[in-house]
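**Q** Sequence:
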Amino acid sequence: MISTSALKKCMYVLLLMIGFSSFEASAIDINKPRHLRLYNTNTKEFLSSVYLSDGAYNTREILRISVFLRDFRQNKAVLADKKLLNALWVINEVTTNGRGIIKINSAYRTRETNKLLQRKGYKAADRSMHIRGKAIDFSITGVSAKEIWQVATKLKIGGVGYYPSSGFIHIDTGDIRYWRY
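According to the numbering used here, the sequence shown is numbered sequentially starting from 1.
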C-alpha cells in the first residue's frame, strides 16, 4: 500500500509536470475533503457537498450532485462523472483556495434538450459530451473566465472551451482538445 505522503508527493510532481507552478501545486492537498459549492443558474438551486473524504467517495453525495446537475428541462439525471467533479474541485482549489461558488450554466442534457438548443441557435454539438453527462459549462464567482480556462487547459482532462463573451468555460472528460468562441 502506498503511503499518503507518497501519494501527495506524486500528485505534486504530476501537477508540476503538466504545467502548474510550484505555488499552485503545493496549494492542492489531496488529503483534504473535496467540497463543492454549486449554484445552478437555471433553477436557482444551491448545493454544498463534500463528495470525497478520507480517500472515499460518498455515494449519497455523488447522487445529490447527479440530481443537481440534471437536465432541468426534462428533469432527468445521470450519475455524475467523478473525473469531472475532481476537475471542478482542482480548478476551484487553484483559483479560489476552495472558497469559490461554481455557477453551473449547463451539465447533463438529454438528446431532446440538445436538439432543442440546436434549433434555438446554440452551439450544441450533435455528439456533445453533455449528453453523456461528462461535460459542464460553468464560471466561478470572482474568477475571470480566462483564468479558469488557463487552469483547466493545464489539467489536460479532456475538452476545454473558452466563451469569453458569455463569461463561462466548458470542460469535459473526452479527448483532449481546446476551442474558443
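In short, the hints are calculated from the structure, not lab data.
Where hints are given, some of them may not hold.
What the hints assert, rightly or not - The list that follows gives simulated cross-link-like pairs (lysine-lysine, BS3-like), each with its CA atoms no further than 25 Å apart: (1) Lys76 to Lys120; (2) Lys32 to Lys123; (3) Lys146 to Lys123; (4) Lys146 to Lys115; (5) Lys76 to Lys44; (6) Lys83 to Lys154; (7) Lys103 to Lys115; (8) Lys76 to Lys123; (9) Lys103 to Lys44; (10) Lys154 to Lys103; (11) Lys120 to Lys154; (12) Lys115 to Lys32; (13) Lys44 to Lys115; (14) Lys44 to Lys82.
**Q** Can you list which hints this structure breaks, lowest number first?
**A** 2, 4, 11 and 12
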